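With the hints as your guide, set chain B onto chain A.
For the record, the sequence lines run as chains A and B.
Residue numbers 1 to 104, in our numbering, belong to the letters of the first sequence in order.
Residue numbers 105 to 681, in our numbering, belong to the letters of the second sequence in order.
Hints in this document: simulated from the structure, not taken from any laboratory.
A quick note: this is a predicted structure, and the numbers were derived from the prediction, not measured.
Glycine included, each C-beta is placed from N, C-alpha and C at the ideal position.
There could be a bad hint or two in this list.
Restricting the straight-line Cα-Cα distance to at most 30 Å, the calculated cross-link-like pairs of lysine-lysine (BS3-like) are [as the list claims (entries may be wrong)]:
#  : chain 1 : residue 1 : chain 2 : residue 2
1  : B       : LYS586    : A       : LYS10
2  : A       : LYS99     : B       : LYS237
3  : B       : LYS648    : A       : LYS8
4  : A       : LYS17     : B       : LYS465
5  : A       : LYS17     : B       : LYS586
6  : B       : LYS465    : A       : LYS54
7  : B       : LYS620    : B       : LYS465
8  : A       : LYS8      : A       : LYS97
9  : A       : LYS87     : B       : LYS237
10 : B       : LYS465    : B       : LYS278
11 : B       : LYS357    : A       : LYS48
12 : B       : LYS357    : B       : LYS466
13 : A       : LYS102    : A       : LYS10
14 : B       : LYS465    : B       : LYS557
Partial list, derived from the structure: chain A residues whose beta carbon lies under 7 Å from chain B [to be verified]:
#  : residue
15 : THR78
16 : VAL80
17 : VAL82
What the simulated footprint calls covered on chain A by chain B, stretch by stretch (three residues with Cβ under 8 Å from a Cβ of chain B suffice, anywhere in the stretch; the number is not a length) [stated by the list, open to error]:
#  : stretch
18 : 4–16
19 : 47–57
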Amino acid sequence: MDRSLIEKIKNDPDFQKLVSERNRVMVILTALELFIYFGFILLVAFNKEFLAQKLGEGVITVGIPIGIGVIVLSFLLTGVYVYIANKDYDELSERIKRKYMKEV
Amino acid sequence: MTKKGMFFWLLSVALVGGAFAAGGIEGNVEKQGVNMTAITMFILFVVATLGITYWAAKRTRTAKDFYTAGGGITGFQNGLAIAGDFMSAASFLGIAGLVYTSGYDGLLYSIGFLVGWPIVMFLLSEPLRNLGKYTFADVTSFRLEQKRIRILAAIGSLSVVTFYLIAQMVGAGKLIQLLFGLPYSTAVIVVGALMITYVAFGGMLATTWIQIVKAVLLLGGASFMAFMVLLHFGFSFENLFSTAVQVHSKGEKIMAPGGLVSDPLNAISLGLALMFGTAGLPHILMRFFTVPNAKEARKSVFFATGFIGYFYILTFIIGFGAIALFVNHPEYFQNAKQIVVDGITKIVAADDPTKNLIGDKKALVGGDNMTAIHLAEAVGGPAFMGFISAVAFATILAVVAGLTLAGASTLSHDLYANVIAKEKDEQKEMKVSRIATFVIGILAIILGIVFEKQNVAFMVGLAFAIAASVNFPILLLSIYWKGLTTKGAFWGGLAGLVVALVLIVISPTVWVDVLKNPEPIIKLKNPALFSMLTTFILTILISKLDNSERAKEDREGFEPQYVRSQTGIGAEGAVQH
Chain A
1 MDRSLIEKIK NDPDFQKLVS ERNRVMVILT ALELFIYFGF ILLVAFNKEF
51 LAQKLGEGVI TVGIPIGIGV IVLSFLLTGV YVYIANKDYD ELSERIKRKY
101 MKEV
Chain B
105 MTKKGMFFWL LSVALVGGAF AAGGIEGNVE KQGVNMTAIT MFILFVVATL
155 GITYWAAKRT RTAKDFYTAG GGITGFQNGL AIAGDFMSAA SFLGIAGLVY
205 TSGYDGLLYS IGFLVGWPIV MFLLSEPLRN LGKYTFADVT SFRLEQKRIR
255 ILAAIGSLSV VTFYLIAQMV GAGKLIQLLF GLPYSTAVIV VGALMITYVA
305 FGGMLATTWI QIVKAVLLLG GASFMAFMVL LHFGFSFENL FSTAVQVHSK
355 GEKIMAPGGL VSDPLNAISL GLALMFGTAG LPHILMRFFT VPNAKEARKS
405 VFFATGFIGY FYILTFIIGF GAIALFVNHP EYFQNAKQIV VDGITKIVAA
455 DDPTKNLIGD KKALVGGDNM TAIHLAEAVG GPAFMGFISA VAFATILAVV
505 AGLTLAGAST LSHDLYANVI AKEKDEQKEM KVSRIATFVI GILAIILGIV
555 FEKQNVAFMV GLAFAIAASV NFPILLLSIY WKGLTTKGAF WGGLAGLVVA
605 LVLIVISPTV WVDVLKNPEP IIKLKNPALF SMLTTFILTI LISKLDNSER
655 AKEDREGFEP QYVRSQTGIG AEGAVQH
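Bound conformation, chain A alone (with noise of 0.2 Å):
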């Protein structure tokens, strides 16, 4: 690819809507999992009294549910990431590709 190239692709607006819109979502998604994974040890660290709190009547503490949380909330949100991408990026990447392809 030339300069040319690189300068037009750059300023079109598809590629700037799918950037734009890529770098959002790519930052909260990762703030998110930042903050729920050093959220959840930061809590094991300084507050264990808070996880081990009984849930109930039974054995169950407040720790198991939030520990187990963790594991299926990073889960969806490469659910939430794959949702997001396969209707949005997808689709405009393929009409960038389309518009520049030939003078690849």
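What follows is chain B alone, placed relative to chain A:
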């Protein structure tokens, strides 16, 4: 030797090893319990994987076939293969054992090993696929100077592969010694010979399908165990957990975090190593080049995260099931007896009825790593235990094969083809990759034997720390930061590696546990926090101050790379077979 000749040579090595295994076990049948099923299943698995290797060898003609299985693996298949690459015997037997001894703390490790996957997906999966060809160094050296960046990537990859491989080989030797009664060194040689065969002849295609077979077996076996445990307790978690609390020597403490994560600094540093280490493991990153496009790349992480997360939840149930059910099986313990106090059954030391042995690391026959194996016997009888033993063995084989392939690719693609060789010659590169496979395999066997008596527990943590401090930062910055220069990446990455190595040597994990000094020099057990920061800060600083001609080229190369990384224009395609 011709290719075919070598194949049959290795086949015979493996078969001799297998026969040795069968011979070695007979004398130990009483001590080890009935293991004929294990041996039969193991031989079946070996024959099946050699079949896969033979099939794959005929389809592995080009470098692209060798490194990426032709690039035609689907997202679902790759998801299973990633799960197969990642779910090691350490995570199956080790975490089940950790849950058995400490309860909730075992879950902390599982969580740490899982949370790297969303990060891999959001930050790396699609750019990797769009920019790379065979190894992740293709991505980091996309716009930077080939030579220095490939050397850095090779140093990072090879140290990760070496430490990880030593830990796996030593674990494999000990486990097979326990499961099959085979001498340690023979076990290590059998594992080494098989992994060389898979990789040298079947390349990525064989490795991928062995990972898939192993993942299916492991997920199936673990699902059955968890199902049987839950069935026993009427599908009531309350029943399962309350029985476990009643019989475990630590009582209610197993339901909450304990001593594993003591202070915040250690917790965060270990967390960083696990999370970002996953995003810097060369054998995992390599898997993204086996799918045809970015869409399949992201799908594969989705499936992999699902399978791995599901598996870790299973190991949690398996560990608790072991606590709750072993009380009916005094035969799984050494020097133990079963007593009934106030209507509650207990397992106690034969010479000390006040010493509760449930959850004791050493009291189990074979140690706490045998938790899942004993539980398999408890819920499915000797035949099922044989099956799970064979699955554990398959798990090790698949993981070491993945590591060997990553190491060989680094040697042949990054070092030979892009640094040493003066001109591109694919046939020569293929040849080098096969020689590299033999070299790494034989080195792994030697190191596995040398380290038999050493404490290698720190090596997995170290491998993750190096991956998080050398591979991940450079990969991330090369994809997203225009200002990154060759000089910054090279020196920043090397500094991170040195900091990681120095800090781990003076930490409690090596200074006290391995070198037997009374006091550690620093309290930090995993160096990732400081080594990662070193790499990021130094790389950015040096890049910013870099005024060289090369730096100009590096920065100018960013825009074309960015366009390709975002759109996939110009990315490698798949080949049809």
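Okay, the hints, checked on the actual structure:
1. A hinted pair counts as satisfied when its Cα atoms are at most 30 Å apart, and B/LYS586 with A/LYS10 qualifies at roughly 15 Å.
2. Between A/LYS99 and B/LYS237, the direct Cα distance comes to roughly 24 Å. Compliance with the 30 Å bound is thereby established for this hinted pair.
3. Distance check on the hinted pair: B/LYS648 and A/LYS8 sit about 28 Å apart at the alpha-carbon level, within 30 Å; holds.
4. Under the criterion of a C-alpha separation no larger than 30 Å, the hint pairing A/LYS17 with B/LYS465 is inconsistent with the structure, at around 56 Å.
5. Distance check on the hinted pair: A/LYS17 and B/LYS586 sit about 20 Å apart at the alpha-carbon level, within 30 Å; holds.
6. Between B/LYS465 and A/LYS54 the alpha-carbon distance is near 27 Å, which keeps this suggested pair within the 30 Å criterion.
7. A threshold of 30 Å between alpha carbons decides the hint, and for B/LYS620 with B/LYS465 the separation of about 21 Å falls inside it, so the pair holds.
8. Distance check on the hinted pair: A/LYS8 and A/LYS97 sit about 12 Å apart at the alpha-carbon level, within 30 Å; holds.
9. Using a Cα cut-off of 30 Å, the hinted pair A/LYS87 and B/LYS237 holds, with the two alpha carbons roughly 26 Å apart.
10. Distance check on the hinted pair: B/LYS465 and B/LYS278 sit about 16 Å apart at the alpha-carbon level, within 30 Å; holds.
11. Between the alpha carbons of B/LYS357 and A/LYS48 the distance comes to roughly 11 Å, so the proposed pair stays at or under 30 Å and holds.
12. For the proposed pair B/LYS357 and B/LYS466, the alpha carbon gap of about 19 Å is at most 30 Å, so the pair holds.
13. A hinted pair counts as satisfied when its Cα atoms are at most 30 Å apart, and A/LYS102 with A/LYS10 qualifies at roughly 17 Å.
14. Among the hinted pairs, B/LYS465 with B/LYS557 is consistent with the structure: their alpha-carbon atoms are about 19 Å apart, no more than 30 Å.
15. At a threshold of 7 Å, the smallest CB-CB gap from A/THR78 to chain B is about 5 Å, leaving the interface hint in force.
16. The restraint placing A/VAL80 at the interface with chain B is violated, with a minimum CB-CB distance near 10 Å, outside the 7 Å limit.
17. About 5 Å separates the beta-carbon of A/VAL82 from the nearest beta-carbon of chain B, less than 7 Å, and the hint is met.
18. Given a C-beta distance limit of less than 8 Å, the hint that chain B covers the stretch 4–16 of chain A holds, as 4 residues qualify and 3 suffice.
19. Under the rule that three or more residues need a Cβ within less than 8 Å of chain B, the assignment of the stretch 47–57 of chain A holds, with 3 such residues.
When each numbered hint is compared with the structure, violations occur for hints 4, 16.
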